[in-house]
Every structure is written in C-alpha cells, then in structure tokens.
Amino acid sequence: MSAVEARGVGKVFSSRSGDVVALEGIDLTVAAGEFVALIGPSGCGKSTLLRLIADLDAPTTGELTVFGKTPQQAREAQDYGIAFQQAGLLPWRTVTANVELPLELHGVGKAERAGRARELLSLVGLDDFAGHFPHQLSGGMQQRVAIARSLAERPSLLLMDEPFGALDEMTRERMQTELVRICAESGAAVVFVTHSIPEAVFLSQRVVVMSPRPGRISAVVPVNLGDVRGEGLREDASFFAAVTAVREALHGTPVTARGVDLR
Amino acid sequence: MSAVEARGVGKVFSSRSGDVVALEGIDLTVAAGEFVALIGPSGCGKSTLLRLIADLDAPTTGELTVFGKTPQQAREAQDYGIAFQQAGLLPWRTVTANVELPLELHGVGKAERAGRARELLSLVGLDDFAGHFPHQLSGGMQQRVAIARSLAERPSLLLMDEPFGALDEMTRERMQTELVRICAESGAAVVFVTHSIPEAVFLSQRVVVMSPRPGRISAVVPVNLGDVRGEGLREDASFFAAVTAVREALHGTPVTARGVDLR
Amino acid sequence: MTASAVRRWVAPVVLGVLALLLWQAFVVGAGIKPYLLPSPTAIVEQLVLVLPLVWSAALATGMNVLVGLVVGSVVAVGAAVVAARSRMADTLLSPTAAALSVMPIVALAPALNTMFGTTSTTPRRLVVSVVVFAPVFVNMLRGLRQVQPVHRDLLKAYAATPRQITRTVTIPGALPYLFTGLRIASSTAVIAAIVAEYFGGLQNGLGSRITSAASNSAYARAWAFVLGAILLGLVFYLATLALERTVARRQGG
Amino acid sequence: SSDSGGEAEEEPSMSSEVLIPVKLQLQWFTQAQFAGYYAAIDQGYYVDEGLDVQIVEGGTDIVPQSVLADGSVDYAIAWVPKALASREQGAGITDVAQIFQRSGTLQVSFADKGISTAADLEGKTVGNWGYGNEFELFAGMTKAGLDPATDVTLVQQQFDMNAFLAGDIDAAQAMTYNEYAQLLEAENPETGELYTADDFTAIDWNDEGTAMLQDAIWANSEKLASDEEYQETTVKFIKASLKGWIYARDNPEEARDIVVAQGSQLGNSHQLWQTNEINKLIWPSPDGIGMIDEDAWAQTVDVALTTKNDQGATVITTEPDAEAYTNEYVEQALAELRDEGVDVSGEDFEPIEVTLEAGGN
Amino acid sequence: MTDLATTLAPERTAPVPVRPRERSTVGRRILVGVLAVLLLAALWELVKVVVPDGGGHLGEASVLPRTDDLAMPHVWDIVDRVLQPETSATGSPTVLSAMLSACWFTLRVALAGWLVGSIGGLLLAALMQRWQLAESALVPWVVLSQTVPLIALAPLVVGWGGRIHVGTFEWQRWMSVALIASYLAFFPVTIGALRGFQSPPAAQVELFRAQAASWNRTMLSLRLPASVPYLLPALRLGAATAVVGAIVAEVSTGTKGGIGRLIISYAQSASGDPAKPWAAIAAAALLGLVAAGLVSLLGLGLGRYRYAEVR
Ligand SMILES: Nc1ncnc2c1ncn2[C@@H]1O[C@H](COP(=O)(O)OP(=O)(O)OP(=O)(O)O)[C@@H](O)[C@H]1O
Ligand SMILES: Nc1ncnc2c1ncn2[C@@H]1O[C@H](COP(=O)(O)OP(=O)(O)OP(=O)(O)O)[C@@H](O)[C@H]1O
Ligand SMILES: [Mg+2]
Ligand SMILES: [Mg+2]
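Protein chains in written order, with the numbering used here: chain A, 1 to 263; chain B, 264 to 526; chain C, 527 to 779; chain D, 780 to 1140; chain E, 1141 to 1451.
Careful, some of the hints might be misleading.
As the list claims (entries may be wrong) - Keeping only pairs whose Cα atoms sit at most 20 Å apart, straight-line, the calculated EDC-like set for lysine to aspartate or glutamate is:
id: 1; chain 1: D; residue 1: 892; chain 2: D; residue 2: 987
id: 2; chain 1: B; residue 1: 332; chain 2: B; residue 2: 297
id: 3; chain 1: C; residue 1: 682; chain 2: A; residue 2: 79
id: 4; chain 1: C; residue 1: 559; chain 2: D; residue 2: 1001
id: 5; chain 1: D; residue 1: 1059; chain 2: D; residue 2: 1132
id: 6; chain 1: C; residue 1: 559; chain 2: D; residue 2: 849
id: 7; chain 1: E; residue 1: 1188; chain 2: D; residue 2: 969
id: 8; chain 1: C; residue 1: 682; chain 2: A; residue 2: 153
id: 9; chain 1: D; residue 1: 802; chain 2: E; residue 2: 1310
id: 10; chain 1: C; residue 1: 682; chain 2: A; residue 2: 57
id: 11; chain 1: C; residue 1: 559; chain 2: D; residue 2: 1102
id: 12; chain 1: D; residue 1: 1059; chain 2: D; residue 2: 1029
id: 13; chain 1: D; residue 1: 1087; chain 2: D; residue 2: 926
id: 14; chain 1: C; residue 1: 682; chain 2: A; residue 2: 55
id: 15; chain 1: D; residue 1: 1087; chain 2: D; residue 2: 1072
id: 16; chain 1: C; residue 1: 559; chain 2: D; residue 2: 867
id: 17; chain 1: C; residue 1: 682; chain 2: A; residue 2: 178
id: 18; chain 1: B; residue 1: 332; chain 2: B; residue 2: 320
id: 19; chain 1: C; residue 1: 559; chain 2: D; residue 2: 1100
id: 20; chain 1: C; residue 1: 682; chain 2: A; residue 2: 76
id: 21; chain 1: A; residue 1: 69; chain 2: A; residue 2: 79
id: 22; chain 1: D; residue 1: 1059; chain 2: D; residue 2: 1122
id: 23; chain 1: E; residue 1: 1188; chain 2: D; residue 2: 966
id: 24; chain 1: D; residue 1: 802; chain 2: D; residue 2: 1008
id: 25; chain 1: D; residue 1: 922; chain 2: D; residue 2: 986
id: 26; chain 1: D; residue 1: 903; chain 2: E; residue 2: 1200
To be verified - Far from chain C by the CB rule (all over 12 Å, computed), these chain E residues:
id: 27; residue: 1259
id: 28; residue: 1341
id: 29; residue: 1440
These are calculated hints, taken from the structure and not from any lab test.
Just so you know, even glycine gets a beta-carbon here, dropped at the ideal spot from N, CA and C.
Based on the sequences and whatever the hints tell you, model everything.
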C-alpha cells in the first residue's frame, strides 16, 4: 500500500480579495519507505500540499489517501510525524519535555517516554542538552529537537517542511546525512519540502518539481545515486548532473550542460 | 588605494558569562572594485567583521582602514552602503520612501531623490511596487528594496550580510546575476557574507573562508571564472570545481574529488 | 554584580538621596515653614513616632489591596478565557473593560459605600477590583490569542483534545502576558485603595490617616503616612515581580 | 494685595474711587454658613468701607489658614482648633473676630438606640468626618471615660447621611445647619414621609462641655504687626462683615436668596434652615458679635491640648501664644457700629420656623 | 531597558498591519456601546428585583449590594432626575445642563493637564532614551511617583501655585487642577513613549548609524514614528487618567465649575435625593470615555504608523 496517494487534488483559498488557486490537479504517489522531495518557487503550494496530507487543511477537489485511509483517519491514528519550517518548540518546556510532548498527549507512560526521549536526543546529538530550554539553543539545535519530536512515535510517514532552512551550510549537510541514515533505518516514507536543489538531490529518490499559479507538478526527476550516501557524494559528477537536471526542470528551459553528464 | 585594509584585527565581547573572542588576527585586503565573499560556519565572526568595517562596532585590537581613513571617518563620509540579513525597512514608509531614506538623511533634493529611487527600483524589478508598504511585500521583495537602498548613494564599497538569505532559490539566483552586473557597472568593491558555497563562488573574485572560536581566516580561495557570469556558468564544470575547493577549505579536510577537476 | 546591575540599583538610590538632600537644603536654607513643606528629617522624625500606626494602617490598606487584586484578577482571567473562546462574549467584555479602565474611581467610591455599607471593607476592595480588571483582562486576552499558528498546527497534527491544547499550549503561553497585566495592576491597585478611603468608611487605612493628618496641618505626619503608601506600593510591585520571576524560572525564562 | 493697598495710598486723588482688593478664603463651598459675607457683598457694605472683597471657596484638602499664611488671601474663615494646629506648624495667623459663639456639632442617633450622652457611645459604631472635625467628639468620649481608639468603632462619614440612615453607623456627626437637616429631608421608608426630629436623639457638645470654637475670621499676624494699612483694612473688613451677619439675622430669607444666587447646590428650604441655624450659633452675642469670649477660648485650648485622637495625637502640644487672638480690631469695629446705632448683640433674637422639604428643595 | 520599564509597557507584538477602520466597524462600535449601556441598565434593575433590600452578607463581609431606592434608585428615576432642575431656586438649570457645562469645564482642564503631562512625558522619555543612566536613575521614581496619593499633593500645588505672580500672570485654581491631572497623565505616556522609542529593531537603528544620522535625526525619522503604536494607547490611557486626576483635584482644591465639584455637591443631597449623585457618577464615567475617544481621533491620520498597534 502506498504511503500517500493523491488523485486530482486541488486547493482554492477564498479570501476577501478574491480566490487563490494554490494547487490544481495534483497526482502523486509516494510508496512506503520512499523519500520524495518537493521543490519549487515560493508560493507554488508545497506547504499547502504537505498540510493537506497532514489534514491541517482540506482539499477543495480530488482525492487524497494516506496508507489507504482518509487524511483525517491517518491523523487520528497518528500515522505520520511532522516537522515544520519553524521548529515550533514550546518555550516553556525543556528539550526533553518537548520531545516527549506527542507521547504525553497520547498517554504513553512516564518511564517509557523518558527512555524514548533519551534515545531520540542521542540520535540528533543533543544528549547534553536534555534539560535545557529552547531559548538556550541555537536555531539549528532547535530544529534538531523538532526533528527528534517528529520521530517520537516511530511514524511510517514523515512530513517535513523545509526543516533545515534555518541551518548554516555545514550543519545542514551534517543533518542531511543523519536524516538519510534515520530514514533508511526506520523505513519511513518521507515527503520533504525544500528550496535547495542540492539538498533535494542529496536526500531523495525522486524530486517533484512544482510550478506556481496555479500550483502544479511540472516534472518529476528520479535520482538514482544508490543507497549509501556519504559526504563524498556531494562532490561526485553524478550528483552535479542530477542537480543540473533539477535546475533545468525548475527553470523550465534546458540549459546546455557543459562538461558534465547525467550518469 | 584598497577599499578595506585589516591588519591583525581582533574583537572580544565581554559578557556576564565571560569573554567571547569573536575575531582574532584578521588580515585582509579588499582592493577597490573587488568582490570578496566571506563564508564560514555560524558564529565564526563574519557579521562581526562586517560590522567593524562599517564602524557599527570597534575592534579590540589591530588596525582597520577603509579607503585609507578610519572606519568612523569612512562612515561619516558615507563611503559605503550596507544591507543587513534582515531587510530592516521602515514599515511606515512606502517602498520609494524607504529607498530614498539615505538620500533624505543627507539632504538630497526631492526631485533628485525621486529620480534615483525610480532608477533603483527598476534595477531590482520592483517598479510596480513603488507606492506599496513593506508589509505588502514578500520577504524576498523586501530584501530587494533593502539592496536598492544600499545602492542609493552609489557607494564605492558595499557591505552585505547574507542579503539573499530570505529568498527562494530561483529568485536568489536571479538576484545574484543582477548583483554581479550592478557591481561590474558601478565598479564598487563588495564584502559579501553568505552561508552558501555556490553563491560565494558565483559572485566573488575571492572567497575568504573563516573558522570559528576564535574567528580566523582559515583559507582564501581565488575564483577565476571570468568577468561575464551568466546562468550557464552554474552548470559549468569549472564552477563545480570551485565549489568543491571551497567546501574542502571549509571542512578543513580535502575530500577526494571524483570526476571533476579544478580548472 | 555587573556594571549594569550596579547602575540599575545605585543610580536611582543616588538620585533619590540627592533629591532628598536638595529638599532638606531648600526647606532649611529658605526657612520654609512646616505647614508649607515639611523637611525630610521632620518626616522621618514623625515616621519614627507613628511607626506602629503606619504599620497597622498599611496592613489594613494592604489587605484591601490584596483581596481586591486577587478577586479582580481572578474575575478578569475568567472573563478573558471566556472572551477568547466566544466572539459574542468578546464583543461585550472588551468594551466593558475599556469603559472600566477610564472609570473615575473617585466617583464610584461613595456610591459603592452606600450600596455595600460604609462600615464594610467591601466597597474599597470592589474599587480595587474594578481598577485591576481592565489591565489583567486585556493582557490575558492578548496572551490567550497569542497562540502561534505553528503550535496550533502541531497540536492538531497530534490530534490533541481541546483540553490538552488549553493545558499544554494556551495557558503556559499566556502566563507572561498575565504577569504584565498584574504588574500594572499591582501598583495602580494601591493608589485605588487609598483614594477609595478618601470619602469615608473605616478609619483604619493609610488614606484616611493622610487626610486627617493633613487637615490638622500636621504635614510631616501626613508625609510619614505617604511614605508608608509608597512602601506599600513598592511591596506589591516587588511581590508581583518575584512571583513572575519564579514562574518564569520554572518555565525556563 | 497689601501692596495694592499701598498703591491706593500713593495716589490719594483716586482713593475715593479705587477700592482696596481683599480676598477671603472660605473653608467649604458656598452655602448659608457664610451668609454674612455674601450679604455684605450684596448689600454693598464692603464697598461702603472702600473694600473690593472677593470670596474664594474652599475644598476638601484646602486648608484656609495655610492659604492665608501663604499670603494668597487676606483673611480666612477657619475653626479655632484647626487654626491653632496650623499656628503650631508655623502659620502666622490671628483670630480677629469670633463669629460663631457656639459649636454647631451634634452626634445624632436614631431615637430607639438610646444614645443621649457621650457615655452611651461605648461599643457603638461612631461616625465622624475626620479632617480635624472630630476633636469635640473625642473630648466628649474621653470626658465620659471612653478611649476613642478602643471603646468605639470609628467610621469616616461621607458627605451624605446614607450610612447613618442605612444603620451602618449608630451615632453620626452632624452639623445642626447641614447634615441634621439632610436627615429631616430624607424619606422614612417605613412611613413614606420625611423623618421628623422625634425620630432622632442628639448629643450637643455645648451641653457636654467639650464644645470648641468654630468659624472665626483669621488675619495674617505678620501683616497685623507691621502693616498699618492692613490694620485699618482689618477693622473695615470686620465691620462690614458683622453688618452682613446682622443683615442675615434680620432678613434670613433675603440672606438665603443671596446665597442661593451664588450658585449653591443646596435647595431653598435647606439654605433657609441653614441660615436660621447659623443665626442660632451667633445670636445672641452679649458682648457684641465677633468678640472672643475668654472662657470659651480657654475651653477650646484646653480640649485641644488634652484630647487625643485615635492616632494618639493632640491638636496642639503647647499653649498658644498671645498673638493667637485679639479683640482689638473687633472692638473698634463694634464701636463704630454701635455709633451707627446698630444692634450688635441681638439680645432679643428669635429664630424663625423653617419647614424642610424632601431633598432640601 | 530596565526591569521596571518593561513593566508597565505592553508586550511587543509581531508587526501586523492594522486594517483602516471601515465605517461599518465604527457604526458597530457605537451600536455595541449602546447595547452595553442598555444591558447594564437591565442588569441594574434585575439586581434590584432579585437581591433583598438589605443586601447580602457572607459572614462579616457584605457581598451583595443594598437595593433599596436610597442605595440603588431606579434607572428611570435617575433619567427623570437628570431632566429636572437642580434645585428649587428660581432659574435653576436642569441637572442635565448643569452636568454638561461641568463636564465641558472638566474636559478642558483635563485636556490641558493631558497636554502638559504628555509633553512632559515625551520629553522625559526622550531624555531616558538619550542617556541610559537617566533611564536607570529615573524609571523607579517614575513608577513610585504614582503611589504618592494626590490628596497629599493637592494642598502643596495650590499653596505653591498661589505664590506665582509673574507680571500680569497670576496662577489660577484651574491651573492647579490641570497640573495635578498632568501628574497622573504623564505616567502612562512616559512609559509608553520610552517603550516606543526603544522599539525599533537593531537593524533599523544601525541603519541610521551607518548613515551617520544624528541623534535628533534618528529620533525624528526613526524613533518617533516607530513609537506611534505604543504612544497612541498610552495617550488614550493618559487622557482617561487626566480626567480622573482633574476630578480628584477639583474636589480636593474646591475648584468651582467642574464635574468633580458637582459630584460632591450632589453627594450632599444623596440622602434626600438619591438619584442626583448617580447622575453625576454616570456623567463622570462618560467623560472618561469621551476624553479617551477624543484622543483616539489623533490616530486617524496616523494609519501608516499603526502597523503594530498595541492595545
Ligand atoms: N491560509 C491561506 N489563505 C489564503 N491563501 C493562502 C493561504 N495559505 C497559502 N495561501 C496561498 O497559496 C499559495 C501557496 O502557498 P504555500 O504556502 O503552499 O506556498 P509554498 O510553496 O509553501 O511557498 P514557500 O516556498 O514560500 O513556503 C500562495 O499563493 C499563498 O499566498
Ligand atoms: N554583541 C555581542 N555580545 C557578545 N557576543 C557577541 C556579540 N555579537 C556577536 N557575539 C559573538 O561573537 C561570535 C561571532 O558572531 P557573529 O554574529 O559575527 O557570527 P556570524 O559568523 O555572523 O554567524 P552567523 O552566520 O550565524 O550570522 C559569536 O560567538 C557570537 O556569540
Ligand atoms: Mg512553504
Ligand atoms: Mg551573521
């Protein structure tokens, strides 16, 4: 069963100043365990699509299923974990308490919560900051806490909206490597929104390129860089080739490639 | 005469929890008309260095001159224009009035101000938004207004602190191309802080790589991609080679390059 | 102590001492008669004399402030919670709060005395509650409305119940705003309690002592009680500040 | 103000036309309590003496004797004990005419409470206004062996008698000419009619022997001592004022109309009642209106020295000096008035009958 | 900013554009206001029906008001009283016209006080913005100044004001009242203005520094406009407190002509004419609203500066 299945999904926002067609005719299937990146210019509806999958908004047209259920059923069954562009931590809770939040809301016992939080914090390299409050952390560290929180319930689908937007290049690259590892280990499907072409290419098995007004899928670029993605990959010619392919899909016009080839 | 000349510049911040050495022994010369990018991990002192040059802070040690004067003299003589990471527009002023602000502060006449503002807004592609207020613009558009403002007085030195941070990839690339053109035309020297390696490489003649705690210059990577930088350059092998070189300088350890060569 | 802490405490004290010295010098130097302006030393002299009275009067007034502050705040917080939930309640309560905030309490006090009895402390406490209501209500409501969209989305994504949302997000997020309101309320509450004594009622508080001393031309004694009033204001102010710090510390502020 | 007096002297040619400006500070708002001064203005008595008198109303926190000592006004009306307290605080003022010969303060109770002497106040809720108006009450209680601080519950009254009518206060302070009238203007909910004097009992401090002297004309001591012009003005001012009071005695209704025309908020019947009651406090004045009676003065000083209020303070701590009062000016004024054939003692003064209307209207 | 200053000032909120007020919302506000008054009147009568005449007591404390006609006259009696003459004297104006002219007097005095207090507050805030030391030294005293009861100050102001004679200028009683009103009004304005002057983010402040703009210029072009969202509510509150101050001061100093004096005068007949003082109380409350409303008009022309109004 596929993780996400969208058929002709559209979304119109009605506002005082008129209707905005945020999405139109979106057909997309994300297989279980697959990593899909969404890329496209600002305002093309990436976040909107993610919010529809998460049942934070309802589509105006079309059909959307998550693991064969309606998005609402999937949300209530806690089938997915989510991380937003802003970390969205609760400032009055410690790092641990923030990570524990979803577990607490769903009645997981104290001891189990604590154990899971410890595990997750060491996964994102924040063991030493368990008792800190969010404002004592840098933006990147906060984002890592949010990622740990999204993983707390071992979801089989991860929805991530530009989670690395606030990080500096180096941390960002480190987190990307980590994320690839975590997903490989947990076998979770991921829908990952980003503005960065190299990031999309590095992380995903397919890059879904969107165009704005109305938001449509303009291209899907498959990336086959193999399962083991190390740092070296970023300097590999095949990587640059994929980056070029996505850029061209994004700009709409093919640019003559000089010196590199798609492998 | 060089635009910026730093000799053994250091900066220590004293705070309640102890001293922070933000910069140490910085030696840097920026020639007139030269485009220099500063790159380095978060907290390595890039912004601090820029602020010292702009006389928004004073160095603790060392000597710093701007066009042969002290930074204070240079500030008072309005030798530089500056753009911050946040746009920092005045919300109660229209786009035009925001661009006109530096001219107004220095007593430039009304007609001349209006003419210059029109010129600058068309440069950054915002002709249609002259009468709008900042909150009616997207983050990227606001940033472009700030850039227009920094150019208002045709400064011979431009200081820019991650001005494109808020932009999406496509707009960002467009703005980069524009900036290269503007600088080439005006002959201004630029000190440009960024987190993005491709951006640094695309824009500058030299990339200054910094390392943190204490902030030092760890490497200077010369980039020779020629004077005419078009969109095609981004998919050129020489571009990727320079990107790789900067990445290696940044990570400190050379990574075996596969399939590409530095030209 | 850091330089800024030194400045924060020393500068006002130095200024205060300087002002007192000037005052003293002026009164003594220009030979100002006590009925026109008593000297600081005369005030302190009187303060020592009537200290037990100042203490008991401050206690009586302080009790009025405390009860009024608590009642007014509790009602205001309750009203804010209701207003945050229902638009209808908001359209009625918000203008009410605006009207209460500009209500001249001097006019209200005598009427309340008649309604609740001059010998009762209720009218005074009610006046304090009225004064306290607006700032607490307005700030609390703002705090409750301050829930960030990202937090709302997050809790929805976790399929949290409304009660869970209130407990984990809304209330903790509104606390800092509540304290802002309380800080404004605490210092105005003291003035209100004193002004409420102006027109009558039990003669056990600072307000009636001040008027009675002043009308006997015992200005130094009057100012000794005024000093008591200032200290009472300070106590309430610092108490709310301390409460806020404690809560903030527990929340990692 | 005294300077302007000097000016008038410098230009004698104008003196027949130029009036000496004089300011009089009252201790409360316009009402019949001050009918004599308003009558003197209305009847032109001050102008006859060459004075241009301007009356300044009081307020709750205005201390007339301070305003006088400041030099902001030329004369002030004040109760003797309060003025003595200000003298101790350095206010240089002198009582130059004691208008009210008796105290008008009562302590009123409902008849069924059975309070008719100070001793009956024990354990009761006792009202007073504060503002220094409470010493007769305290002296009365002390004399009856009660400690005002512990043996009664003290309550400050408002400007109305609601607390008393509602039963919050057992014994309320009332001036014969004001608050007592307010009681008689209120509706008795049991009968639907106005209350009558039979519904109440009153303790009169004149009877209890703790009465203190009330409204007197005070002058600036310093100027009295050094400024001859001011001395003359003082005599003129007293003389015209006394004439005003004599007018109010002989024409209470006209006096009432004069006060009402000045914009008092109290109604017609109330003001007439007040005029009449004030007359009772002044007349008869066997030695002549305004004369300071040694015995009454001594009693006032004695109470002021010995009675402690609930704060443990007495009104004054030392015997006032000789400058505190003088009959010198009032005697001159009386002599001139007697020469004019005016009855200054009102030996056969008879109060009129006043019927109060609801709300004093 | 020191702790004390953070205090009384409202939290900063994210810049949210304030939509220009549409006519319909103004109409709605008036409607809601009328509705609220009617509701209050209904509540008043309901209490009179439900609560026993003697009120309600909880142990020693009285918790419910007395509801007899002396304590709580009927609404219609109050309205009727307003339309009757003040006193039985011939030519006595109606209570309504007396109150209107009294309110007009007090409003003018209060606005004079508000003006003085606001200007003083702005200058003080500018001083504190200019020198941090001044801020540290003054803010605690500014806060404490408000705990000094007006009743202690009134005689001083009147006493010292009475000594001022400069040429033909002579200190008037109403000036004392205005001065006392300004003493209350200056406080919210000072705190609000200080908060507003300090509100521009570092990026904007440094922009001006980078342009080598002088302090005056920065104040004029940056801090003053930026402070508008803080200043407007503060000025509004200042107007309301100025009214309160003017009323207290009128009572205290016995100044004739204003609503404060009427409150006392009417209170003297509260026992025999209970509806009369309630009329004055209602007038005083309305006056506070009117003053605050008048000052709100200031905001009409400043729409563009109110991008982040702090209510
Ligand atoms: N709640 C809303 N009401 C009205 N319009 C909305 C709403 N949310 C989004 N939109 C509009 O829908 C379109 C898509 O928005 P969306 O946030 O999905 O873009 P995005 O691709 O995530 O952009 P970005 O990369 O800037 O985050 C935009 O034009 C936006 O203005
Ligand atoms: N005003 C200050 N007071 C104390 N420490 C400061 C101050 N400004 C900067 N620092 C410290 O100096 C160091 C350098 O800061 P700086 O802002 O220059 O870094 P940066 O390279 O610009 O980082 P980023 O990429 O995150 O903007 C950091 O460790 C920071 O904590
Ligand atoms: Mg988005
Ligand atoms: Mg920086």
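Verification of the supplied hints:
no., hint, result
1, D:892 with D:987, "19 Å, holds"
2, B:332 with B:297, "18 Å, holds"
3, C:682 with A:79, "13 Å, holds"
4, C:559 with D:1001, "14 Å, holds"
5, D:1059 with D:1132, "12 Å, holds"
6, C:559 with D:849, "10 Å, holds"
7, E:1188 with D:969, "18 Å, holds"
8, C:682 with A:153, "15 Å, holds"
9, D:802 with E:1310, "14 Å, holds"
10, C:682 with A:57, "11 Å, holds"
11, C:559 with D:1102, "18 Å, holds"
12, D:1059 with D:1029, "12 Å, holds"
13, D:1087 with D:926, "9 Å, holds"
14, C:682 with A:55, "9 Å, holds"
15, D:1087 with D:1072, "24 Å, violated"
16, C:559 with D:867, "10 Å, holds"
17, C:682 with A:178, "27 Å, violated"
18, B:332 with B:320, "16 Å, holds"
19, C:559 with D:1100, "17 Å, holds"
20, C:682 with A:76, "9 Å, holds"
21, A:69 with A:79, "10 Å, holds"
22, D:1059 with D:1122, "16 Å, holds"
23, E:1188 with D:966, "19 Å, holds"
24, D:802 with D:1008, "15 Å, holds"
25, D:922 with D:986, "13 Å, holds"
26, D:903 with E:1200, "16 Å, holds"
27, 1259, "21 Å, holds"
28, 1341, "19 Å, holds"
29, 1440, "18 Å, holds"
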